[in-house]
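Q: Chain by chain, the residues:
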Amino acid sequence: MPLPLFWFFALLMLVGGLAVIILRNPVAAALSMVASFVGLAGLFIGLDAYLVGIIQILVYAGAIMVLFLFIIMLLDLKTEQKRAPRAVPVVGGLGIVLAFTIQLIGVLGHVPGRESEPLDLVAAAANQSGGIQDKLKEGRLPDVNLVGDLMFTQYNLPLQIIAVLLLVATVGVVVLSKRQSA
Amino acid sequence: MAGLHSYLLVSGLLFAIGLAGVVLRRNIIVVFMCLELMLSAANLTLIAFSRFNTVDGLPDYHGQMLVFFVITVAAAEVAVGLAIIVALYRARQTIHTEDLTSMRG
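The listed protein sequences derive, respectively, from chains Z and H. Heads up: the first sequence begins at 1 in the numbering used here, then just goes up one per residue. Heads up: the second sequence begins at 183 in the numbering used here, then just goes up one per residue.
Since the hints were made in silico from the structure, they are not lab data. Positions of the beta carbon are idealized from the N, C-alpha and C atoms, including for glycine. Careful: at least some of the hints might be erroneous.
As the list claims (entries may be wrong) - According to the in silico footprint, chain Z covers these stretches of chain H (three or more CB under 8 Å from chain Z):
no. : region
1   : 190-201
2   : 218-226
3   : 232-240
4   : 247-256
5   : 265-279
Claimed, not checked - Quick list of the computed label-pair ranges, beta carbon to beta carbon:
no. : chain 1 : residue 1 : chain 2 : residue 2 : range
6   : H       : 248       : Z       : 131       : 47 to 53 Å
7   : Z       : 134       : H       : 285       : 38 to 44 Å
8   : Z       : 157       : H       : 262       : 20 to 26 Å
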């Protein structure tokens, strides 16, 4: 990804994230989170993960944030009234975050950096078969095919476990949101 | 071209923002949104490592698999968590964490 584009999407993501914790109105926080996720999806697509980028937009910026907005409006929340912030949690919280950031920069200073190698699609075609091989030979990256191939062969068991997890979550939500009648 | 360091730095900063939100904010819905930010920061790290670790000229797709599972678990978590928040609001008429002290020792 060209450097200006990278910084554009990275700044969009970070400014959106900052707005989530700074803005007092929950609806404004949810909308700035959508901006943050759009920036994140841009970074994913710049890293040649096209399917993950699209899923990020559809699932996070679409479904999950609509759910958040729906709940905020259902509960009819007003903008938080100012309360006097207590000093200990604020100082402690900022201290933890600052320590984490310093640690991060310190670690990154020691780790050897790496530039991305260009993808070698023609060489990759030798290890693939069928439609994936044809597309790789044409110089296109069949992202969805490769992900699907791996997901339904090698990751079949985790996929089924995650399906059961979704079923459990669905049933759990129905049980939780039923009004308890004693 | 942006290197691996830039991606790791940006993702670490996003994680720090999410952590700050979880610690500092008192609105439980915003705390929940910040949890999502932290999960997304982890996803960005996974995708960056997957792209920068090429296997036979292709990105390492095992990293992307993990991202799919993280996204699925996050979606399930949001659904259950928001249902809990709605139930909490019905019982207490507040989602301000400082008003929810019945489990304080």
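Q: Run every hint past the structure and note whether it holds.
A: Now the hints, each set against the structure:
no. : hint                         : result
1   : 190-201                      : holds (count 11)
2   : 218-226                      : holds (count 5)
3   : 232-240                      : holds (count 7)
4   : 247-256                      : holds (count 8)
5   : 265-279                      : holds (count 9)
6   : H:248 with Z:131: 47 to 53 Å : violated (25 Å)
7   : Z:134 with H:285: 38 to 44 Å : violated (60 Å)
8   : Z:157 with H:262: 20 to 26 Å : holds (23 Å)
Checked against the numbered hints given earlier, the structure breaks hints 6, 7 and satisfies all the rest.
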